[in-house]
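Sequences listed follow chains A and D, in order.
So the first sequence is numbered by the working numbering: it starts at 125 and just counts up by one.
So the second sequence is numbered by the working numbering: it starts at 30 and just counts up by one.
Any given hint could turn out to be false.
Stated by the list, open to error - Residues of chain D placed beyond 12 Å of chain A at every Cβ, according to the derived structure:
(1) P59
(2) D62
(3) D64
(4) V66
(5) D109
(6) T191
(7) R226
(8) H245
(9) Y251
(10) E265
(11) H277
(12) K314
(13) I386
What the hints assert, rightly or not - In silico lysine-lysine, DSBU-like type, Cα no more than 30 Å apart, as pairs:
(14) A:K483 <-> D:K102
(15) A:K291 <-> A:K363
(16) D:K384 <-> A:K483
(17) A:K483 <-> D:K311
(18) A:K409 <-> A:K444
(19) A:K291 <-> D:K39
(20) D:K39 <-> A:K284
Hints are computed from structural coordinates only; laboratory data are not their basis.
Ideal placement from N, C-alpha and C gives every residue a C-beta, glycine not left out.
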Amino acid sequence: MTQAPTANNRMAKAHSSAETLTEVSTETHLKWLRDMQLIREFENRTMQAYQQAKIGGFCHIYSGQEACAVGTIAATKQDDPVVTAYRDHGHALARGMSARACMAEMFGKITGCAKGKGGSMHMFDRPNWLFGGHGIVGAQTPLGAGLAFASKYENEVLKKGVHPDHKPKQKITLCYLGDGAIDQGAFHEALNLASLFDLPVIFIIENNGYSMGTAIHRHTANHENLVARGESYGIDSIKIDGLDIRHLYSEFKPFADRCRENSRPGFVDLKTYRYQGHSMSDPQKYRTKDEVEEYKNKDSIARLLNQLMEEGSMTEDSWKTMQNEIRDEVLDAVEFAESSPAPEVEAELFTDVYALPQKNLSPTAEYHHGARNPLL
Amino acid sequence: MTTLEMIDSKIHPAVGEWTLPDFVDEADLPGRDGDRVIQFREAIREAMSHEMRQDEKVFLIGEEVAEYNGAYKISQGMLDEFGPRRIIDSPISENGFAGMCIGAAMYGLRPIVEFMSWSFSFVAADAILNNAPKMLYMSGGQWGCPIVFRGNDGAGGQLASTHSWCVEGLYANVPGLKMAIPSNPYDAKGLLATAIRDPDPVFFLESERMLGDKAHVPEEQYYIPFGRARLAREGEHCTLVSFGRPVHFCVEAAEKLAADGIECDVLDMRTIRPLDIDAVIKSVKKTSRVVVVDQSWPFGGVSSEVITQICERCFDYLDHPPVRVNTEDVPTPYAKNLEAAYLPNPTKIEAAVRKVIEATA
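From just these sequences and the hints, can you work out the full model?
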């Protein structure tokens, strides 16, 4: 199962970046723009709803990082597994979850993607192969290795689908984490296992420069050379500018294809920036307003929009139309979330605890099966 | 109450199809008497090998399980039969490989994760407590986690504080997991077979001190239902409740007491979640006295839970407050005499029963 990685198997530029770009249609570029703007608008409404106390708990806003989720997921197939941390609304939407299911989850409604049992940090979407939404920093990295282990096992050992309706194939798992997570033991253990067992998983570091409120130079050693961390495990590692989605895709797509073809892990230092605080309760005393403004001037949505306008694929009018459509979609999601019923205590509190509930599993609870998840 | 219409007893949208047999009465299981005598470790191996032959989704991973043939020789020969893709040596990296297998289980495989000792599971605590038992719930029923974690639990013999953990007191606290603690080879095989087919995460606790124990074990595969205690000995004066290795101490104590005409029911719980409290209540209603023997610490442990449930359900039947015999409430000592004094043993159990009997005579 194991094979020594070749001495220098870094990106050999199988496809040149320019070549990859020409393969991307205008239609796709417009879809990226739309997906990113959807996330931006969705997060604006999320913050509003949070301030109105319609959303509770911890809530982490993705604004600023949109190109990361959209640009990398664009390089995957629909049934490639995806797993991420708690800043997960963007990944859920980019993966294809409806704004309704995502918003309703945060409102704690039965129509949410986890029937209101997960909340902002736990977006799961089985039809779109999204395996969460995980709350403990770095905990999703071994899970990502395991998803890749399973897809490889399915393809090479079972040679048939784990479920009857699924065909085995060479898949790539995307496992997202923030720069704060690279200091966790779980992350290092996952990288070691992924390289040792030749697992087709890409660890995507959404490097927004802060581990909560601790700047990267204060939280990790050798912070200017994160790829060294991947390379030290014999893993193909690249650094990509995560604010320019076209550049991002042109670098990431051939990289991901190679990981898939060679059944090897990858490591990506994806430099990005978040506009909001770590969570909704963050006063952001650790950075200056000038710094935030500096990054807003490099905004990934504005950049793509300008490029498309310069190329004539987008006009002021068509942009307005797109924005209006998105605004309506998100407002509809908010309305849907507000008008949806909360999960009934009797019907849902004790369901989905066990797939096979049995007598006497608890001294106080009788477990049973509840309503079918709305996404299934 | 709403029910999930597509779930018959063998399919769940989060874990797919499983083939756990319809449960039978104890009387329908193959007999416990016979001359096919094998060791506890072989019984575990037989259960795993049989399930691996039946279902290619099942694989075994752990430290030294493959080329070393198992640190405790449980997986001896399995690499030869199943090959390195299904019998997998892991690095010493419990958080990594336990977490990896949880991801694999979510995807649809059925991993068996061997911890050389449950004492080493703490470095994987986030994976096994925060991910495995909660995945089905926090995904709103979308992704399940059919996985077995197994390994040695309890004092192994002068292994001192960090290597002698009994994790049941801590881990049984967590909803979403099931827990089995066999006391003998026959139950080990039948309970592990059930654990592997169960669609939920199962924590399976073995004991290094029992791996060499021998008993008759049927060759065929059989499935002991979870949540059914075994009556190891019958008597009307006092109920002894235990699980795992201390069951033997209870039987030994009961034999000594019988010489003085004190007869005990000895209940081997076999699983802690689910806990066959019905069997305990039935016995206590008969004997009116109960001693619970638990090899983990007393504070907030399994014995406390069993006694609480007894008090909740049949307080009026008790002639004497319930008594517990635990390991003493200190870190596990190294010195032979200190370790012996620390653990539950037949003498302590016998004394506890005599105290209850004398007080109610």
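Hints and how they fare:
1. For P59 of chain D, the shortest C-beta to C-beta distance to chain A comes to about 22 Å, beyond the 12 Å cut-off, and the non-interface label holds.
2. Chain A leaves D62 of chain D outside its interface by the beta-carbon criterion, the shortest separation being 29 Å against a cut-off of 12 Å.
3. Every CB of chain A lies more than 12 Å from the CB of D64 of chain D, the least distance being 34 Å, so the non-interface label holds.
4. For V66 of chain D, the shortest C-beta to C-beta distance to chain A comes to about 32 Å, beyond the 12 Å cut-off, and the non-interface label holds.
5. Every C-beta of chain A lies more than 12 Å from that of D109 of chain D, the closest at about 16 Å, which supports listing it as non-interface.
6. Residue placement check: T191 of chain D keeps its beta carbon more than 12 Å from all beta carbons of chain A (closest about 18 Å).
7. With a cut of 12 Å on Cβ distances, R226 of chain D falls inside the contact zone with chain A, its closest approach being about 10 Å.
8. Look at H245 of chain D: its CB is around 28 Å from the nearest CB on chain A, clear of 12 Å, so calling it non-interface holds up.
9. Residue placement check: Y251 of chain D keeps its beta carbon more than 12 Å from all beta carbons of chain A (closest about 18 Å).
10. At the 12 Å boundary, the C-beta of E265 of chain D stays outside the reach of chain A, the nearest C-beta of that chain being 24 Å off.
11. The beta carbon of H277 of chain D sits about 24 Å from the closest Cβ of chain A, which is more than 12 Å, so the claim that it is off the interface holds.
12. The beta carbon of K314 of chain D sits about 17 Å from the closest Cβ of chain A, which is more than 12 Å, so the claim that it is off the interface holds.
13. The claim that I386 of chain D is not at the interface with chain A holds, since no C-beta of that chain comes within 12 Å of its own (minimum 28 Å).
14. Of the supplied pair hints, the one linking K483 of chain A and K102 of chain D is violated, its CA atoms being roughly 35 Å apart against a limit of 30 Å.
15. Our distance criterion of 30 Å between C-alpha atoms is broken by K291 of chain A and K363 of chain A, whose separation comes to about 33 Å.
16. Straight-line distance between C-alpha atoms of K384 of chain D and K483 of chain A comes to about 34 Å, which puts the hinted pair past the 30 Å bound.
17. Restraint check for K483 of chain A and K311 of chain D: the C-alpha separation of about 16 Å stays at or below 30 Å, so the hint holds.
18. As the CA atoms of K409 of chain A and K444 of chain A are separated by approximately 35 Å, the hinted pair breaks the 30 Å bound.
19. With a CA separation close to 22 Å, the supplied pair K291 of chain A and K39 of chain D stays within the 30 Å bound.
20. Using a Cα cut-off of 30 Å, the hinted pair K39 of chain D and K284 of chain A holds, with the two alpha carbons roughly 20 Å apart.
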